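With the sequences and hints as input, model every part of the structure.
2 protein chains.
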Amino acid sequence: MNLNDARKIIMPAHSASEDSTLHALPKRVFPRTPDLSGSNVEAKREEIRRYFHATLDRYEQLFETLQGEEAYFKKPISLRHPLIFYLGHTSTFFTNKLMLAGLIKERINPKMESMFAVGVDEMSWDDLNTTHYDWPSVDEVRAYRLKIRNTVDRIISEVPLSLPIGWDSPWWTIIMGIEHERIHLETSSVLIRQHTLEHVSAHPAWRPCGKSGQAPQNQLIHVAEGTVYLGKNKTDRTYGWDNEYGSHVAEVAAFQASKYLVSNQEFLAFIDANGYGTESFWEEEGRAWRCHTRAEYPTFWIRQGAEWRLRLMTEEIPMPWDWPAEVNYHEAKAFCNWKAATSGQSFRLPTEDEWYRLYDVAGLSDVPHTEQAAGNIHFDYFASSCPVNEFPQGEFYDVVGNVWQWTETPIYPFEGFDIHTHYDDFTTPTFDGRHNLIKGGSWISCGNESLKSARYAFRRHFFQHAGFRYVVGDTAVVQHDSHYETDKLLSEYAEFHYGDRYFDVPNFPKSLAELAIAAMGGKPCRKALDLGCASGRATFELARRFDEVTGIDFSARFIGQGVQLAGTGVLRYTLTDEGDLVVYRERTLTGLGLDAVRHKVAFYQGDACNLKPLFTGYDLILAANLIDRLYDPAKLLTSIHERLNLGGILLLASPYTWLEEHTKREAWIGGFKRDGESFGTLDGLNEVLGDRFKLIQGPKEVPFVIRETRRKFQHTLSEVTIWERVA
Amino acid sequence: MNLNDARKIIMPAHSASEDSTLHALPKRVFPRTPDLSGSNVEAKREEIRRYFHATLDRYEQLFETLQGEEAYFKKPISLRHPLIFYLGHTSTFFTNKLMLAGLIKERINPKMESMFAVGVDEMSWDDLNTTHYDWPSVDEVRAYRLKIRNTVDRIISEVPLSLPIGWDSPWWTIIMGIEHERIHLETSSVLIRQHTLEHVSAHPAWRPCGKSGQAPQNQLIHVAEGTVYLGKNKTDRTYGWDNEYGSHVAEVAAFQASKYLVSNQEFLAFIDANGYGTESFWEEEGRAWRCHTRAEYPTFWIRQGAEWRLRLMTEEIPMPWDWPAEVNYHEAKAFCNWKAATSGQSFRLPTEDEWYRLYDVAGLSDVPHTEQAAGNIHFDYFASSCPVNEFPQGEFYDVVGNVWQWTETPIYPFEGFDIHTHYDDFTTPTFDGRHNLIKGGSWISCGNESLKSARYAFRRHFFQHAGFRYVVGDTAVVQHDSHYETDKLLSEYAEFHYGDRYFDVPNFPKSLAELAIAAMGGKPCRKALDLGCASGRATFELARRFDEVTGIDFSARFIGQGVQLAGTGVLRYTLTDEGDLVVYRERTLTGLGLDAVRHKVAFYQGDACNLKPLFTGYDLILAANLIDRLYDPAKLLTSIHERLNLGGILLLASPYTWLEEHTKREAWIGGFKRDGESFGTLDGLNEVLGDRFKLIQGPKEVPFVIRETRRKFQHTLSEVTIWERVA
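Protein sequence lines, in the order shown, are assigned to chains A and B.
Residue numbers are given in this note's numbering: position 663 of the first sequence equals residue 765, and the series is strictly consecutive.
Residue numbers are given in this note's numbering: position 444 of the second sequence equals residue 546, and the series is strictly consecutive.
Derived by calculation from the structure, the hints in this document are not laboratory data.
Fair warning: this is a prediction, and the values are worked out from it, not measured in the lab.
Just so you know, not all the hints are guaranteed correct.
Note that the list lumps identical chains together, so a pair holds whenever it fits in one copy or between two copies.
Below, simulated EDC-like cross-link-like pairs (lysine to aspartate or glutamate); rule was C-alpha separation at most 20 Å, straight line [stated by the list, open to error]:
| # | residue 1 | residue 2 |
| --- | --- | --- |
| 1 | Lys766 | Asp682 |
| 2 | Lys814 | Asp606 |
| 3 | Lys802 | Asp606 |
| 4 | Lys796 | Glu208 |
| 5 | Lys361 | Glu497 |
| 6 | Lys213 | Asp785 |
| 7 | Lys775 | Asp527 |
| 8 | Lys213 | Glu789 |
| 9 | Lys802 | Glu826 |
| 10 | Lys802 | Asp679 |
In structure tokens:
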């Protein structure tokens with residue numbers, strides 16, 4: 103590798119306002135994401151200003167590769183806006199976020215800002231909507247950009263700054279805008295690479311690597327088992343997106359990983375082996391993608407007679423066989439499956455955890471502020487990929503840099519994940535199991551993108567400057583739950599059982615469990631049954647005292663929440679705020695002080711009116727808000743003594759909300775006139791529990807609140823009676 | 103009339119436990135309903151005991167008219183239980199009510215009590231249910247009756263008694279049981295009268311009047327206008343049923359009333375004039391009844407060749423032409439319509455108020471305790487009707503006694519109506535406009551039935567020992583509202599607006615009105631608009647300060663509640679307690695301190711998104727929980743300044759519960775992402791109200807609670823913003 107060559111290519115643009123006397127940083131490297139701590143406030147202000155201008159300059163320079171106005175208005179690919187949108191979009195993003203932060207009071211150009219607000223970029227997951235756009239001219243957008251640039255520049259001069267800059271600082275939002283523009287620097291470069299050649303031209307600031315040759319023979323390198331620590335906390339010194347926060351610790355079993363990224367040369371063998379045409383190599387989703395697109399080779403490859411060429415951002419070149427193959431997840435995965443099928447070894451992509459293990463064993467660290475990176479990243483060398491054997495990192499090459507690397511891991515929130523209020527949908531819509539993480543960054547990844555902590559994820563069929571490295575590992579890939587419960591009822595119950603207190607009403611299942619435990623007195627507390635456990639809070643709470651607690655509910659979806667908490671310790675859900683607006687909640691057993699009892703609980707799906715015989719021998723049975731939801735409450739109550747030890751306790755709680763939709767009128771045990779007189783449910787309980795039970799406490803009303811929206815709640819009183827089995 | 107004869111017929115039975123030395127009351131008259139006040143507790147205890155035994159004796163004596171066992175088990179009419187039921191029923195009633203009162207702890211015979219609890223008697227409104235009954239034998243029921251009698255007797259001996267006896271006294275419930283048995287004494291006598299003759303026989307204790315002759319010529323007597331005072335309060339000295347309580351004052355215009363009850367003779371002219379066959383004489387409901395039953399003459403009349411005979415309780419006699427005609431309301435009404443048609447005068451039945459006016463002008467008072475009554479009532483003379491010219495009362499005859507008299511008035515609750523918790527369905531199911539009051543009592547009416555304050559009502563097609571007196575009056579008959587709102591939503595809103603406070607949350611519409619009035623400061627307060635007024639509470643509350651308040655709601659059913667309150671001052675509704683069980687509520691403007699402002703309010707049905715132009719010139723517009731229920735909230739809000747005076751105040755309150763079922767998503771004014779950012783409803787309000795309004799107070803959350811059942815509530819926060827129209 104010729105570093106001098108590389109250096110010549112890098113020509114960071116200098117901003118108009120740049121005052122060279124203020125700059126302590128060398129200009130050789132494209133400015134890194136700022137350190138948020140420090141003591142020199144004015145120096146920090148200028149560092150951020152320089153970061154801001156350098157970012158906008160570089161972004162605008164990207165558009166200089168476009169040839170003529172038409173290049174801005176013609177869509178490179180059908181599912182994306184034309185590039186004019188992306189030119190405006192990053193500025194509008196500033197306006198929106200600065201308004202949220204209270205840094206500006208009024209929109210700068212409401213019409214443009216409405217047009218440029220919501221795009222369909224490679225970070226996005228929606229299909230392009232069909233709104234008709236009447237785009238402004240390139241000059242108009244450039245004038246708009248300048249206006250925003252001056253506004254932000256003024257804000258950077260005027261807004262009080264204190265260090266370190268935290269989530270709540272208005273400066274966080276300024277950096278958010280800059281980092282957002284850096285993301286689009288990369289994604290717009292991909293769009294330009296997808297534009298037809300006639301619309302683009304080479305540019306001295308975007309010169310690709312000139313080096314290529316025979317690809318090295320790839321090989322597997324053993325990686326010893328080890329622990330990886332992922333995540334970020336809010337005192338970290340660099341800006342991060344929401345998905346980076348929280349923590350995740352994993353024991354990574356030993357595995358083997360390819361020394362190099364898979365090169366074009368190595369990938370060609372898969373094509374030649376009819377890999378694209380062999381269904382069995384493709385996962386189901388990949389098969390559908392291939393069938394839909396009829397792909398026969400990677401998207402940036404061009405077949406010219408017997409020759410292969412490669413499309414770069416602004417030009418086509420003869421296939422550089424030693425550069426990394428750029429593919430989507432499906433293609434990478436099919437390649438691995440082909441290798442597994444032909445070798446008998448368990449080839450696959452690395453997990454995110456394994457990538458971090460590689461990072462650790464390669465001895466890497468974040469891109470230094472004043473020196474060049476250890477890989478082809480952050481524009482430090484080329485405006486393109488380069489050979490896969492150019493940047494050794496420990497025993498490996500390109501653990502970071504060159505191209506992003508697909509993983510097996512759909513993005514998921516770490517425990518402690520938190521959403522920044524000024525960008526509450528940066529990540530959450532991608533927690534759907536359909537967006538896989540890419541790691542390591544590409545030649546153009548800069549700012550936050552280049553950090554070890556960065557976590558970007560794309561739909562598996564999307565293209566970026568992304569390739570892959572394969573691993574051989576015998577351990578099954580663990581998929582992390584990324585699900586936010588959005589079903590209205592389940593979310594409401596999650597909050598009801600594990601969430602906040604409203605109207606000062608204490609947690610209901612917890613209160614009942616406490617009443618039940620108190621009622622046990624000195625009785626044996628071996629086994630308890632939480633019948634109609636719903637989301638399972640009382641099941642866990644009873645396990646504080648009982649050796650073993652069974653939670654049973656008719657709804658498998660409800661007990662799913664208990665099962666998930668017992669298994670993963672975490673439960674996530676959205677809550678309706680107002681209209682379509684939602685807020686995100688994460689609850690953990692640790693946070694609830696229940697982590698120590700999770701091994702004592704077991705959840706089962708079951709019908710309280712037709713319970714399996716094995717559910718017996720309990721010292722306590724708790725049935726909360728259950729009896730008025732059963733189709734035959736008397737059937738349960740007349741036989742419940744068979745499941746309860748003599749002397750055992752039965753706690754019933756119910757608002758007695760009898761409804762025909764749940765319980766046919768003839769099966770109600772109270773709440774009607776009988777023999778001419780009012781016959782309440784408590785009368786019915788006395789009758790149906792008969793001589794086998796003695797009422798030892800209650801009736802007493804215990805309130806509960808179910809949150810429906812930010813302002814609307816169900817507020818109910820449940821009548822609690824505690825009975826002792828006496829016969 | 104031969105009073106000696108009459109006296110001989112009356113032979114009150116003496117109870118087994120009767121101790122003649124304790125009885126100060128003469129035995130000549132059947133015991134009257136006891137005076138609930140007094141100072142001699144032991145004497146009162148014995149008076150009640152005597153009242154109890156005398157009532158049961160007389161009731162059992164009634165069954166002595168039955169011939170053989172079959173008479174007990176064969177239904178006299180298809181829609182009634184056989185008489186065995188009624189023999190058991192009055193005892194079971196004691197058990198039920200004594201249990202409610204806590205005077206007994208356990209049922210005496212659960213099986214019989216289940217059978218005998220709910221009957222279909224003439225007080226009832228339901229069709230006979232089809233349950234199969236396996237009746238016990240007469241001896242078994244007699245033994246059961248004895249058991250109850252002894253139990254009650256013991257209770258009378260043992261339960262502490264303090265005077266006066268009020269609603270909450272357990273003694274009230276004892277007297278309730280006795281009065282209930284007295285009602286059945288009368289209704290069972292009607293059933294026996296409906297039994298075929300073979301099942302009954304004459305009995306010396308039930309000897310009918312032996313006197314009859316030519317009927318007197320009836321005539322109209324002028325009654326001067328006057329005020330009548332109806333109702334009873336809880337400090338009254340006699341037992342009353344729920345419907346008697348509260349008060350009602352009426353100015354009765356002058357009218358003419360027939361001197362005598364309509365005799366069989368007088369009624370015959372109607373039959374002979376083909377009255378039964380002439381459709382135009384019959385009201386719609388009466389026409390349906392006649393068509394269904396094919397009646398051609400009164401039910402107790404028998405046509406034998408050219409002769410007419412009359413069925414009495416135990417025998418048939420040649421038609422006593424001077425006795426009152428016994429008919430149902432429909433027949434009485436048709437008779438009046440015939441008389442009106444043939445005379446051109448406005449003949450009709452009296453209203454309840456007019457009957458009370460007759461009572462007053464006749465100078466009547468309640469049956470004396472130790473002397474005979476002034477009419478054929480309370481068994482004081484005969485076990486049947488007697489000639490209509492036997493008992494003069496002032497200028498009239500038979501204002502009380504002989505037979506009940508149908509009125510034009512469906513029973514309705516007086517203001518202040520209250521329900522006794524031990525018999526909560528005595529009257530309420532008859533507040534349906536289909537049960538007309540009968541007044542005056544018959545020869546067998548005794549105890550409470552004989553009191554001036556008594557109010558009994560039957561379906562208009564039912565038969566009792568009932569006839570009628572006609573009046574000629576030019577004033578229209580006022581029908582009183584007897585409606586208890588039972589529609590779930592309307593009832594809930596009635597309670598929400600006018601009812602109790604739950605969870606200590608102050609009344610919501612009242613709070614908003616107070617906020618609005620406070621916000622007015624020194625501004626003119628002429629006209630206010632309560633838009634989306636629902637049940638109208640805020641409309642009334644604003645009228646405390648404004649000269650004129652308009653309440654508008656899309657739902658005519660909701661504004662009906664405001665209209666009713668403004669018109670009648672009272673609103674009644676049921677609330678679901680638990681299952682089918684309900685409680686009754688009555689709210690009055692007086693009770694709410696709003697009586698003085700009722701003339702300032704006006705309610706209109708209207709669409710807030712399409713209001714008529716006349717609704718303008720307001721100093722205040724209040725829109726509570728409205729905007730998120732409109733199909734086009736922006737349409738209202740962008741034009742609302744046209745209805746508000748400059749400087750006027752707009753108070754908006756809403757929980758912003760946007761739902762597609764009310765407002766299509768595209769019409770929401772907030773609660774969604776716009777241009778990529780959260781756009782709340784308050785943002786939308788700011789935008790849509792624009793420069794014409796200035797936010798002068800809020801946002802502030804004001805809570806409200808809607809009661810769904812005794813234990814289940816909606817508890818919601820409504821965001822209040824107060825805006826001043828500035829342009």
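A quick look at each hint next to the structure:
In this homomeric assembly, Lys766 and Asp682 come within 20 Å of each other (Cα to Cα) only across copies, at 12 Å, whereas the closest approach inside a single copy is 35 Å. Taking the closest pair of Cα atoms, Lys814 and Asp606 come within 20 Å of each other both inside a single copy (15 Å) and across two copies (17 Å). Both within a single protomer and between protomers do Lys802 and Asp606 lie at most 20 Å apart by alpha-carbon distance, with minima of 18 Å and 19 Å respectively. Taking the shortest Cα distances, Lys796 and Glu208 sit within 20 Å of each other only across copies (17 Å), while inside one copy they are farther apart (69 Å).
In this homomeric assembly, Lys361 and Glu497 come within 20 Å of each other (Cα to Cα) only inside a single copy, at 7 Å, whereas the closest approach across copies is 123 Å. Taking the shortest Cα distances, Lys213 and Asp785 sit within 20 Å of each other only across copies (17 Å), while inside one copy they are farther apart (67 Å). In this assembly of identical chains, Lys775 and Asp527 lie within 20 Å of each other by CA distance solely across copies; the values are 10 Å between and 54 Å within a copy. In this assembly of identical chains, the alpha carbons of Lys213 and Glu789 lie at most 20 Å apart only when taken from different copies (15 Å versus 71 Å within one copy).
Proximity of Lys802 to Glu826 under the C-alpha cut-off of 20 Å is restricted to the intra-copy arrangement: shortest distance 16 Å within a copy versus 48 Å between copies. For the identical chains of this complex, Lys802 and Asp679 are inter-copy neighbours only, at 17 Å across copies versus 33 Å inside a copy, given an alpha-carbon limit of 20 Å.
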